[in-house]
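Visitor: So the sequence lines, in the order shown, correspond to chains F and L.
The opening position of the first sequence corresponds to residue 1 in my numbering, with each subsequent residue numbered one higher.
The opening position of the second sequence corresponds to residue 1 in my numbering, with each subsequent residue numbered one higher.
Treat the hints as calculated values from the structure; they're not laboratory data.
With a straight-line Cα cutoff of 27 Å, these simulated BS3-like cross-link-like pairs (lysine-lysine) come out: (1) L:48 to F:647; (2) F:438 to F:517; (3) F:438 to F:533; (4) F:640 to L:48; (5) L:47 to F:640; (6) F:384 to F:427; (7) L:47 to F:647; (8) F:394 to F:517; (9) F:438 to F:394; (10) F:613 to F:577; (11) F:427 to F:533; (12) F:394 to F:361.
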Amino acid sequence: MDEEILQDFLVEASDLVDQLNDQLVDLENSPTDSDLLNAVFRGFHTIKGGAGFLAITPLIEVCHRAENVFDKIRNGDVEYDEVAVEVILRAFDVISEAMEKLNDGARELPENDPQLLIDLDALTGKKVEEPVSEVSNSAESALQLADGVDPDGDMTDEEFEALLNQRDTSGSASSDSATLSLPEGVDPDGDMTDEEFEALLNQRDTSGSASSDSATLSLPDGVDPDGDMTDEEFDALLNQRDTSKAEPKLAANSAPKISPPPPKAKPKPSPKATASKPSTKDQAKPATKNTTESTVRVDTKRLDDIMNLVGELVLVRNRLLTLKGKNTDPEDLANAVANLDHVTTDLQASVLKTRMQPVKKVFGRFPRVVRDLARKLGKKIELKLEGEETDLDKNLVEALADPLVHLVRNSVDHGVEMPDIRAAAGKPETGTVVLAAKQEGDHILLSITDDGKGMDPDVLRQKAVEKGMMDEQAASQMDDKSAFELILSAGFSTAEQVSDISGRGVGMDVVKTMITKLNGSIDIDSVLGEGSKISIRVPLTLAILPTLMVGFNEDSYAIPLTSVQEIFDFNPEKTNKIDGQMMVRLRDESVPLYFLNEWLAADKPKDNYRGDKVVMVAVGNQRAGLVVNQVNGQEEVVIKPLGVMLKNATGYAGATITGNGSIALILDLPGVVERFQ
Amino acid sequence: MDVADEMPIFGNNAQIDDYGDEPAYLGPCTRCVLFTLENEVYGIQVKKIREVLRVGNIRNVAGAAYGVLGVINVRGVIVTVVDSRSMYNMPSREINDLSRIIIVELDEERTVGLLVDFVMEVKDIPDDKIEPLSASKEGASRYIQGIAHFQDNVIILIDVDNMFSGIE
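Bound-form chain L, shown alone (with noise of 0.2 Å):
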């Protein structure tokens, strides 16, 4: 598949889903951390989040790269946020009550905040529910892992390790 065939789905243009009323699905699933930007969903592994905050004094740093808000203080670890908002090449938007910041883990000691619109629930996504994008990965789309069509949602996943590979 390349890329032309998916973008209409990319375009929001949702499938009606096989599984999509079935409550128990028993196959391999992804658990994934559902949020929104600009009304559409996006989803992170579980495993590669530590927790999920609420949007409190980010210090601004100056000269930083573009998309960092700035840092926060994480129980004493001091973890940069950054607007997801900017890799996806979206304006950004004030922070409202709904706003969370993702503490996503990079590895063992490196994690960075994501600062994303809405954060809706944790979903088992069914591994054969998500289609793969296709190896040319350019742009915005290498952050993307693939697209999952589930229950009425089309979901796009997050390679977060790819997005954040090569930096310091």
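Isolated chain F, as found in the complex (with noise of 0.2 Å):
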């Protein structure tokens, strides 16, 4: 397999399986809305005519039968009903699980579920299975397919060849032993131009059938017989190799395999007339996206701007170097410099615009886990979606997709009640849960928000005291907000009962410990009876990070400030050792206390931190007092990998420059932690 097509093709058609994803949902609405309906159809179709060039044969076989099924629906034949829905979207989950797996690195396809293939072509009205059976029922002399290859899918030529070999031994044996040769120097695993598939068509007819098919393939209009080959277009001749050639000699053995079925065969212009075009419209554009995280799509007028910017870089540069050699008159200077901080400037934002993606690409999936969870569990529930314009940064993205996955699904099961239950509290029967993003200052706040039945703070309180989170008395003391934190603490899962919908393995604490690694927060909100509001902050870029600058003599650490929670004096007298660990107290409560000189300093042994300032983080749900020696004030920092032999180095997130152009490491404080304990 060609990986560089193959990683175009990957890229073109996570697009597509993106698009269909939504479309299908929206389908399932509006059955009959023909403009959504040809846009499924072409998706489809396109990607299977990408698997097909690049022989992925369980892909091509479901796709090439949803195609089918499409077809059959706008063309009105068939209804896009309850049993369709279903069958179609197993379809999809089967070609987005193969091209995760493709993205993933696997390059062999385990074989298609049969029961899908045959759920599928039942969907068509069976017309397309029966050659298949027809194979294995009749003589042996039939041509017999390779195993898992489609006989309506688009042939690869190993399998094109494969079947005339085959054909012209065991069908016309007598006539025509002689099997196709390829002309010299073609290569037979390669791919076929299609002027070496035309010679080999017309081999096959003269040395084959000479008799019978005098009549040579003609091109469908307008299309160009040197030009690339569409599939259609290979379809349409194939077709019409077939129904032209002789019939009763094919329709002896391989007609029914080769030929896609009569009825088909005729609607298949006009898909043709619609689908070619995107089709290649779509290799067209450069396959630039974030599939396999190596790529981003970035828009042509974004580049011209850095390539503006990179060029005023240029210009300050040569200006800053013939100030160099003079005199210079210090103004000049300062002149300069301040171009120079504007363009970087600007650059930097362009260039971080670069790494920008709509929220949009998380979202999308969701329309469709509502929908089949509402389903699964019998309840109705409409899903809005609001800012999915909002950009955010590529790995955030990413990054934010398991946490919201497993909040929606939250809001969807423990959330939104039963219709009948919804009906007698007086609320509609449909449930509202709402998606949304939008930007604040530099953060982007998302939130979920369902219409469901909340969460009862005493509930939560008496639930703590039941797993021995707390004592009675403390429960009782906290107010609802906290109450509903609980959730996010470990092991407090709020399900009683363990549904597989819950059970997806990332529970709320996971999702809090994910959120706080992107430097996030989570806050939570409910009112019993009308629903409840998750909120998760995040900044809008991993790549620039607000930090607390400390210091140990001239080594600086930047601690991640969105963890600070307070910075006092080291006072020797507060504190208190408790079973070896040194704990402060502060406000009745007593906090460990990590003297970070004995690890980053530790050939530097100190007896007295007298002076020293304790810096209270919270990590998790635990809160840690690092004692520091001074504390150099905020800084905003761009986060650096550390080099290599480092990246296992606990403790520490990565490495910055300083203004001054020294090196101060960023803090990892769960590692920290790790490290103390």
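Combine both chains into one complex, guided by the hints.
Guide: Shown next as structure tokens:
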């Protein structure tokens, strides 16, 4: 398989799969929308085309059948009813799984579940299936398709060749035992050009049954015989060949297999007209999208901007270079530096923008998630998406996907009630879940709101006591908000009955940890009987991190500011040792103290920490006091990865370069705490 | 040839070089940067090297692996610096004016800095002067690609790929 073509295919097909995901759910609501039907048809078709080129047979099989189904549907022959929806969605899942596997580096896909193929065929009225059974039933002389080859799918050249050979040897063994030979210099395994293909066809026709089909195949109008052949054209040619060709002979063996069933052949021309266009267009456009994490789609205009700014940067450099030699007028220099400042700031912003992607990338999957879940649970739920166009750092988009899925599932599973309960409570039967994103300064605010039953803080308090997380008194003193936040703690599952929906392995505590890792925060609000709202705040980009700079002598370290709660002077009188661990008492709470010096400057032991500061940080749900020599204030830093051999050093999240050009190490607080435990 | 045969050569027993005085050798060559450690001459293929830097501020990283001196800032990229002496089990020594950091490219994205005593020159070494080390590569000799006898020098060619293979 050509890796380069495969990558292009993956980029393109993943895009299509994303689109299909949306469209299929939309289609369920308006099953007769012909634009939508056409779009879905084209989607499957284009994926099939690409997969056919790469001979990804399982993918071809499914796509082809799905395409057939939609062809029928848009022609009004078949209705997109519930049965169809289920089967098609199953098929879609198979396709998206296949894409994922390919993206993950798998190059061999497992065989399709035969039941799915049968179900798909059943939707089109079985006509497609017959030839297959015919093959197996009829005499041994019938051509056998290689395993897993879809009889109607676009053929890869290998398969095609194999079939041709097979046919020639078995089908008309007497007259043309000579198999087709490829012209010299043609790699039998390479991709076939259309000329070669044509030549082969001709060869076959002349040698195979010269008498019966002197009529050469004619290309449809408007098709350039030397141009690249699209698969539709290929199909058409095949059809043409098979129909124009000697009926008696082909009918006996290969015709039912190679040629698509007559009813299918008819509607073909119309899809061709519509489908071939987008497919070629899709191929033509630069395939750059974030599928394998290695590419990002960037607006050309944005690139032009960057190029322009780089040009400016070069100009400033030249100016500075000319200033270098002479007795420089300080004003000139100041101007140049000011200019440089401008250009770099703009450039930084522009480059950051190229990393931005619309939240839509994450949101896109939710309509399907909610739909499936609601169905399973027998609930009626409408999902509203807001602010899909909000831009977010590429890495964040990827990192947010899992936590959001969990939260949305939670809302659907635990939040929204069953229709009858809702009706009894005087609410509309259909529950609403709103997934919203908006930018707030340099943060993104994501929220999941449902109008379900809400959470009862008293139940949560009670549960916390039951689980031994706190005593009754502490629980009763806790305000509602803190009670809601209990659901974020580890081991605090709200689900009394474990369903397969909540059992995804990502507990709320994991969600919390993941969000914390992204330097974000979670806020929960709920009104009993009216619904809940979970808000997530994450920084716009992961690349820039607000930090608190702390120092040991001349070495500086950066602590992510989001984790810092407060800073106070170290006072030995307020500390005590419990079980070998230094603790500090802070407003009736004992917090462990970690002397960073012991780790970061182990060769310079210190016995007097007087004058040091304690930086109180939150790590997950626990707090810790980090004792540092000095606090140097806030700084926004650009995170850079530590070099080789240091990736595994615990306690560091990376490094950064400070204003004076020196390196500051960024502390990874969970790692730091781990080191001290 | 087995290791035993090579031992005397390895022990600084330089042989007289036939090509020593020939200025223009036309056969296939490997261009190397030559540097010294404890008065021995080592070479690394030029194509593996991005640049050679004077030693500036090396920021130490507490808790790093043995031999890692810390990190430096090379035009905005954080690069780990390794004491090449530690690779060959030599005692480390003070950094002085002659010390250099050779920035080695492991692959497109990863670079590492090697602290060496002194960088001599860039030289083309005829390939037929390089004796590959025998297959049994153990311990520190695993990092050695071959030995070249060339122009009065015994040059130990370092296999940087091997040296940093398997590290993260």
